[in-house]
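J.: All chains should be modelled from the sequences, with the hints used to inform the complete structure.
Protein sequence lines correspond, in order, to chains A and B.
Residue 366 in the numbering used here sits at position 366 of the first sequence, and the numbers go up by one each step.
Residue 1100 in the numbering used here sits at position 100 of the second sequence, and the numbers go up by one each step.
Hint data in this document are derived by calculation from the structure and do not stem from the laboratory.
Treat the numbers as computed from the prediction; the structure is a model and nothing was measured.
Each residue gets a CB set at the ideal place from its N, CA and C atoms; glycine is no exception.
Some hints here could point you the wrong way.
Unchecked claim - If we take Cβ atoms under 8 Å as the criterion, some of the chain B residues that face chain A in the derived model are: (1) G1139; (2) A1148; (3) Q1170; (4) G1186; (5) E1215; (6) R1244; (7) F1245; (8) R1285.
Stated by the list, open to error - Computed far set for chain B versus chain A, every beta-carbon distance over 12 Å: (9) I1029; (10) E1131; (11) R1159; (12) G1161; (13) M1220; (14) E1230; (15) L1235.
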Amino acid sequence: MKILEFEAKAVLREHGLQIPDGEIVTSPKAAATTTERLARPVVLKAQIPIGGRMKAGGIHFAETPAAAQAASQHLFDSEIRTFPVTHILVEEKLASKAELFLGLIYDATERTAVVLGSMSGGIDVEDDDGIVRCPFPTCLPVPSFVGREVALQLGCRGHDLLNLARVITSLIERFLTWDALLLEINPLVMTPDGLWWVADVHLELDDDALFRQSKLCKRLAHSRRILSKRSDFEERAHEIDRTDHRGVAGRLIAFDGDLGLLIGGGGASLTTFDAVLDAGLNPANYCEIGGNPSVWKVAELTKLIMSQTRVTHLAVIMNIVSNTRADLVARGVIKGLLELGCVPKEVIAVFRVPGSWEDECRHILEQHEIAHLGRESAIDNVVNTIRCPS
Amino acid sequence: MSILAFADTNILVQGITGREASTFTRESIHYGAHIVAGVTPGKGGQQIHGVLVFDTVAAAVQARSVQASIIAVPAPIVRDAAFEALESGIELLVIVSERVPRKDVVAILESASVKGTRVIGPNSLGVISPERTRIGMCGGAARDTRRAYMKGSVGIMSRSGGMMTELASQLTQTGIGQSTCISVGGDPIVGSTFADLLPLFEADEETKALLLFCEPGSTMEERLVDRLREQPSRLPIVAFIAGRFADRMQGIRFGHAGAIVEGQRGSPAGKAGKLEAAGVRVASRLSQIPEYVREVVPEPA
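T.: This is the structure:
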């Protein structure tokens, strides 16, 4: 789960990190009022969950309340990489002596957590050759030497070194305590008085660990609301998945083609979708089913996929199933199609679900004059037999 | 021979009283696996399909000789179960649980590396040496597993558990058997990567070729390429990369740290190019695989 800047800053502030003074606003007028209160130049930042906001035009600067009002009006009127701007963070602009990049993340190659640091923070930091990289253990309490090591390697000495080391230690502690996948401060600004400020933050939490972060999640209500916004199609798929715990109907994404796809599991979905595009077919959706879904769930998903206006055919393709029962998938698909008033054999372009209960599956399909394709038909060969009228 | 999973490997199942675990325990026994004990705290003394349940791993390993443990407990307690297994000195952990928090995975692997324990997974369907044993649930019911997998000379490593059975089945149908097949796990961070497992296959006389199922993301394929560059393998390798469409539909990256860690790695097209440059034969269609493998594994006389 990606956390919006203003909510990430609010929780970081509670743990002793220095955050610039500012407010979250939802109107140009409020942006002007805040700028007036701050009585200094401000930065206006659209609250959208993307990286590279500066380059995408999501960040503006203003010297006066009037300028802040105009700039925020412009932001509220725009849509940045498909995200409408509804909230803007108005913050004091910091006088900077140095700008650092700090990133905490798991390195999948080394299978460890690492701090990445660079003295040239900013928008193109990944091109910097002098990036400091320091692994740290995942145990709490956090050993403080890691922060000192990074600060030293970044060229800090004396008080600067100790101050920066303290900031890094707190960040590591937050990263681990919150089950973050990414905690990135870019830039971390040093003001002329030698203090370090979190000017911008990217925080991403591990969805698989949210079960033990309920207290934190309550503080992140806005991020959750914005990020849980799905298209109606995805929302309906999510509802179907939630209503019945049997089986997984994960990752249903709509496209605008004529061929509906009921596919799974994960690796087979990737394989099938490639084959569909290679064959020049137009998919109506991406989908991953698995974990032995119930007849009801498959029927509802079938109806959802077929409800898209351009869909004329449905391909049902899975790898050899071991946990999922092929006969239940067949029952579900046919039930869904019959409930829509379709003739199953006219709609089903191919049905390939080999594996457990496949004899029963074949029998059910035969009653509707549909061929059951088995393990002897490779997934790409099955896809290549599909003919859609378009 | 084979690797990791041998006919005489004694297996412990942690979480054996769970619905899924008890099913795969029964089917594994039917397949011939030596499942010698189970662990579920508070249920010691019960029997699951004839397997005695213990309250702790220590009690289980005291009563039985155990070489491998399958961890099939709910995600929130995987860390605990893995630490318990590590503490008792079991040599091989196969973690089949899905959705384990990243921090827990890294903590388990940090500890495993100190103790020198091999970890497969998480989110793995297991390891199978066909016609000898399996550690996990790959292949499903014993009857289905026998149909899909056959003993032979091709090692398989797969990032997808379901597609591992699919690939093995394709080979089996054309008369090509497998030495050992490993579902390495679908998560971004797993205990054993392609590069980690390659030396084991190289040291196995039975293995004559390798087949890989690759997916977008992570640096598993790139790490293998690094290893092949440093030290070419005696084994011919065939690979299939699923999810090529991901290159056309890239999401927007959040933050810079990910880009620094992964660099330009992770894209399916990039992986294909690098694997080919390192001498790996990359099949662009799934159905080409048996033919490609047959070219490097001669028909037995």
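J.: Each hint: holds or not?
T.: Checked hints:
Taking 8 Å as the C-beta contact cut-off toward chain A, the hint placing G1139(B) at the interface holds, the least distance being around 6 Å. Annotation: A1148(B) was flagged as interfacial toward chain A, and the flag holds, the nearest CB pair being 6 Å apart, inside 8 Å. Interface hint at Q1170(B): satisfied, since its Cβ lies 6 Å from the closest Cβ of chain A, which is below the 8 Å cut-off. Satisfaction of the interface hint for G1186(B) is found here, the shortest Cβ-Cβ separation to chain A being roughly 6 Å, below the 8 Å cut-off.
With its C-beta approaching chain A no nearer than about 6 Å, E1215(B) sits inside the 8 Å limit, and its interface hint holds. The closest approach between the C-beta of R1244(B) and any C-beta of chain A is roughly 5 Å, which is under the 8 Å cut-off, so the hint is satisfied. With its C-beta approaching chain A no nearer than about 6 Å, F1245(B) sits inside the 8 Å limit, and its interface hint holds. Interface hint status for R1285(B): upheld, as the beta-carbon distance to the closest one in chain A is roughly 5 Å, under 8 Å.
With 12 Å as the threshold on Cβ separation, the claim that I1029(B) sits away from chain A holds: the shortest Cβ distance comes to roughly 16 Å. The Cβ of E1131(B) sits about 18 Å from the closest Cβ of chain A, beyond the 12 Å cut-off, so the non-interface label holds. At the 12 Å boundary, the C-beta of R1159(B) falls inside the reach of chain A, the nearest C-beta of that chain being 7 Å off. Here G1161(B) does not stay apart from chain A, with its beta-carbon only about 8 Å from theirs, under the 12 Å limit.
Separation of M1220(B) from chain A is inadequate, the least Cβ-Cβ distance of about 8 Å not exceeding the 12 Å criterion. Every CB of chain A lies more than 12 Å from the CB of E1230(B), the least distance being 15 Å, so the non-interface label holds. No Cβ of chain A comes within 12 Å of the Cβ of L1235(B); the nearest lies about 22 Å off, and the non-interface call holds.
Taken one by one, the earlier hints fail for this structure at numbers 11, 12 and 13, listed in ascending order.
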